[in-house]
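Asker: As they're listed, the protein sequences go chains A, B, C and D. In terms of my numbering, the first sequence opens at residue 1 and continues consecutively. In terms of my numbering, the second sequence opens at residue 289 and continues consecutively. In terms of my numbering, the third sequence opens at residue 577 and continues consecutively. In terms of my numbering, the fourth sequence opens at residue 865 and continues consecutively.
Keep in mind that the hints were calculated from the coordinates and are not lab data. C-beta: ideal position from N, C-alpha, C; glycine also. Among the hints, a few may not be true.
[Claimed, not checked] Estimated spans, in silico, between C-beta atoms of each pair:
#1 D:D1070 x B:Y347: 54 to 64 Å
#2 B:Q420 x C:R785: 36 to 46 Å
#3 C:Q753 x B:E360: 55 to 65 Å
#4 C:G691 x D:G911: 41 to 51 Å
#5 C:S820 x B:S425: 28 to 38 Å
#6 B:A575 x D:R942: 28 to 38 Å
#7 D:D1070 x A:K100: 35 to 45 Å
#8 A:V74 x B:E517: 58 to 68 Å
#9 B:E517 x C:V721: 51 to 61 Å
Residues per chain, in single letters:
4 protein chains.
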Amino acid sequence: MDSDTTARLLITCPDRPGIVAAVSGFFYSHGSNITALDQHSTDPLGGDFFMRLEFQTPYLDLSKPALEKAFEEVVASRFHMNWRISYASQIKRVAILVSKYDHALMELLWRWKQGQLRCEIGMVISNHPDLQEAVESFGIPYHHVAVRAESKEEDERRILELLEGKADLIVLARYMQILTPQFIARYPNVIINIHHSFLPAFAGADPYRQAYERGVKLIGATAHYVTEELDAGPIIEQDVARVSHRHSVHDLKEIGRDLERKVLARAVQWHLEDRTIIYGNKTIVFAP
Amino acid sequence: MDSDTTARLLITCPDRPGIVAAVSGFFYSHGSNITALDQHSTDPLGGDFFMRLEFQTPYLDLSKPALEKAFEEVVASRFHMNWRISYASQIKRVAILVSKYDHALMELLWRWKQGQLRCEIGMVISNHPDLQEAVESFGIPYHHVAVRAESKEEDERRILELLEGKADLIVLARYMQILTPQFIARYPNVIINIHHSFLPAFAGADPYRQAYERGVKLIGATAHYVTEELDAGPIIEQDVARVSHRHSVHDLKEIGRDLERKVLARAVQWHLEDRTIIYGNKTIVFAP
Amino acid sequence: MDSDTTARLLITCPDRPGIVAAVSGFFYSHGSNITALDQHSTDPLGGDFFMRLEFQTPYLDLSKPALEKAFEEVVASRFHMNWRISYASQIKRVAILVSKYDHALMELLWRWKQGQLRCEIGMVISNHPDLQEAVESFGIPYHHVAVRAESKEEDERRILELLEGKADLIVLARYMQILTPQFIARYPNVIINIHHSFLPAFAGADPYRQAYERGVKLIGATAHYVTEELDAGPIIEQDVARVSHRHSVHDLKEIGRDLERKVLARAVQWHLEDRTIIYGNKTIVFAP
Amino acid sequence: MDSDTTARLLITCPDRPGIVAAVSGFFYSHGSNITALDQHSTDPLGGDFFMRLEFQTPYLDLSKPALEKAFEEVVASRFHMNWRISYASQIKRVAILVSKYDHALMELLWRWKQGQLRCEIGMVISNHPDLQEAVESFGIPYHHVAVRAESKEEDERRILELLEGKADLIVLARYMQILTPQFIARYPNVIINIHHSFLPAFAGADPYRQAYERGVKLIGATAHYVTEELDAGPIIEQDVARVSHRHSVHDLKEIGRDLERKVLARAVQWHLEDRTIIYGNKTIVFAP
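So that you can see chain A by itself, here it is in the shape it has in the complex:
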């Protein structure tokens, strides 16, 4: 499937005739085979167009920088494209923020170790010391940075220093602190959070209790990109599980843990494979 010779192109532009022909013609003429192609249009007449293209690099007749330059000049500028190319050989660097619950974190580490998540997990940062041993047993550095109400900005600054230049993606794997707008602005569109409800239901604190009190018959989990507004960013993935009157808040948490693990792992994998494009407050996901 995914090998070191794979590259991925993501495009957003106004829809109009000729885009596919121009893009595919460009890559063909430069010796590159297209191995996957997904596209979406909100409306062929005056809407927006999105494309994800996987191509192979071994027989390119140009260097990568020259290819990108040529693509901009020959294709992208003509169609007013917002685009970027990622190379599978440039492994993305991930930092995970976590508090005390380990289930979402462990699921990511386990899948990473299995080779299912193609990335480098450069560090885990936590506002608690509890998970240090578990993380270090995977050979991953663990940084404990206490975050206190009275020194929140300063504490966050320490986290930003740890991350500086070292993270292409930040995953909040049940990190129970609200990030400041400054932090979020520093990492636009590359912070993924797992919220333990079926958003937009039960945003905010203690969603399993909220679900219990409302008497819903399904509980959910939602992975989304983090924006300034709490639990309101573009949704990447959601899933639900059936519950009944027999389940206590404690049971909902236990059932929900499995949802959170699964939903967050999928969202992170799709981001790492460049399958997501943020479009306004939504996420286009070219799922496999």
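Place chains B, C and D on chain A using the hints.
Answerer: Relative to the frame of chain A, chains B, C and D by itself:
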């Protein structure tokens, strides 16, 4: 399964030791076999207790009225029970209210004709004339009662007159009018509505558009008992279907239709089989 | 979405570089906008390639026959393509064969009446007279052709005569007769059957009883293209529902009915929208 | 929920009137509160009856042995019951057999560490040395016992010696050796296997490849009790995930891993909580 000799007892009472022994001993001593028994306790110490019991009537040593009287005196009063017995031979009478969309209505009529919904559908009432022929082809009376803003109370009174003494259950099968508190008070705990979202997300108008605009990855439908507060009554059943960025609002409506049909049909069936107990703002469902 | 100006191209060919560029360039150069594109390759090196392309016909610079001729000469022959173009304006004609159970049939007729299945249902043929009134109420001709063991070939010949020149797709909506190889050979790759199990489990007769006796925890339904070997043709769609020890064979049938309705309706819709390509004993489904 | 004072009674007997009254009356009269009760009857007339009862032990007026003796004499013998009582305070001892794949094993260890699986995991036995470090990091002994075709009986004897007197439940967490009938006979009804298909489809070797070649649209996993006939024992739990033509055998394995983890974990938990009763070739599961 369910035959004319089946009866069902529903109980709510404070939990304390001895309830099961007292209830099952009572029915055994009067010649009745228990063929199904479900129970639930919110907390064995000081919580509330719920029970659904199916028993068979052929070899009862008492008449039904005498049995009910004896049960009250010997068992129910001792445990401060809120209880009722339903006899499968006393077919429940259902009235369906609908506007223009026929999918939820047709699903109910089709299942009823198949014998899956054991009830008498006494009438369909609509604020539009459109579905008259379809309904009458099932041999069911159709009443068109226009509901206008300027005469809403009077129009609703006409509906109440049609229902008077003829409905044990009222089903809102995509009835696009909001019932007045007076109407709801007249039929407490026996009006079931299908809402076309995963409540509490997207209450109110046009939930598929709301879902589209929020960019959720699953859409849902919710069947609930109607209370004064809009879309906030006890939830009986919910289900979801997966959607993606490819789906327009029109697509969501089409996918959602199948959810609405399924979810409403289940909720109605469970009500008809006396599987539901309303408890505060929740519904206990002893599902089969 | 789908309008009278939509056309769909389905392609199967050996994979090699340049296919997407050639196809998309061809349509662009002839004034046609591509509004959807799906592709699949079993292996970019020496595998097989499949493509579904939706394009719009209003601004074509060629007539449809001329376009097809040019496509063959300029593109298809070069890549050794097996291909066909369907025009949404050429409504497919469907014939439904059914026995006594009406649920799968009614679901199709109901969706067709809703406008969800874009086709002409030209006739329903049954080996029983039971469903005549129900079918004719939709304005669809109903033919009762008794099929008896002693005259099976002759009876089938009558069915073939009714179908002759009038069916682009034949749907077996719980038709309880096994078709002869001659019949199947007459309609290759355009007969869809619904089997009431999760194939390949429980092929053959009475699958719900087989499922009950094996004690499975999920039951299923499978829609597949009909080939000579019973219940072994290319699978289009499957789905399952959860069951338990509480469910009798009768219950499984009732639960399974809903599965059969849903699974068959999806498969028929995908076929009508030219979303399926048969590949050996599998079906490639470019689902929406 | 489950505390040290909880006990569980499992009953199988011919159905006849009076069972619930006798059982519940017995426990009430001895000072024990019933906190959960599930029952099932294959047929109230001449069928078999099953019951699971959770009761609390703190206020029993008899010792546990005396209670069991009294239950046999007063209730069980009268109804010809096959029964047993388990006490939550008597933690079950589990041994896990595994080969090289670690996903099912790790899921069990992780849940056990979380406190979700109430048991003692006394040992992991493997025919490969690979997972030693991972297992020992949980503080659990790891025994490597090579199993070779030429000395299979002797190798199995070594495993039996390790298990002797130390395992109430044996879990095959992707153990790729077929157990001999002698081994199975030594541990009747307490060996749980996870099979990586939706049984009875794709029994035997390499089920993901079988599924790929048949072109199914859902893949599954099945947890079952092990009997002499391969992959044919009583099914405890099954689940499925959707796949498409895009998925290679490798993809199916990756998707299937998540199913296997989930399905095996549920089955083990239900066994540990005494929620399963084997009945012929089926498993009655009183799920929470």
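Asker: Should the hint that E517 (chain B) and V721 (chain C) are 51 to 61 Å apart at their CB atoms be regarded as holding?
Answerer: holds (57 Å)
Asker: Take the C-beta atom of D1070 (chain D) and the C-beta atom of Y347 (chain B), compute their distance, and say whether it sits inside 54 to 64 Å.
Answerer: Holds: the Cβ-Cβ distance is about 57 Å, inside 54 to 64 Å.
Asker: Quick one: are Q420 (chain B) and R785 (chain C) within 36 to 46 Å, going by C-beta?
Answerer: About 42 Å separates the Cβ atoms of Q420 (chain B) and R785 (chain C), which means 36 to 46 Å holds.
Asker: Go ahead and decide if the range 41 to 51 Å is satisfied by the Cβ distance of G691 (chain C) to G911 (chain D).
Answerer: holds (48 Å)
Asker: Given a hint of 35 to 45 Å, does the C-beta separation of D1070 (chain D) and K100 (chain A) actually sit inside it?
Answerer: holds (42 Å)
Asker: Does the hinted range 55 to 65 Å hold for Q753 (chain C) and E360 (chain B) at CB?
Answerer: holds (58 Å)
Asker: Holds or violated: the 28 to 38 Å window for the beta-carbon distance between A575 (chain B) and R942 (chain D)?
Answerer: holds (32 Å)
Asker: With respect to the beta-carbon atoms only, verify the hint that V74 (chain A) and E517 (chain B) lie 58 to 68 Å apart.
Answerer: Since V74 (chain A) and E517 (chain B) have Cβ atoms about 60 Å apart, the given range 58 to 68 Å holds.
Asker: Verify the CB-CB distance for S820 (chain C) and S425 (chain B) against the hinted window 28 to 38 Å.
Answerer: holds (37 Å)
When the structure is compared with the earlier hints, no violation turns up for any of them.
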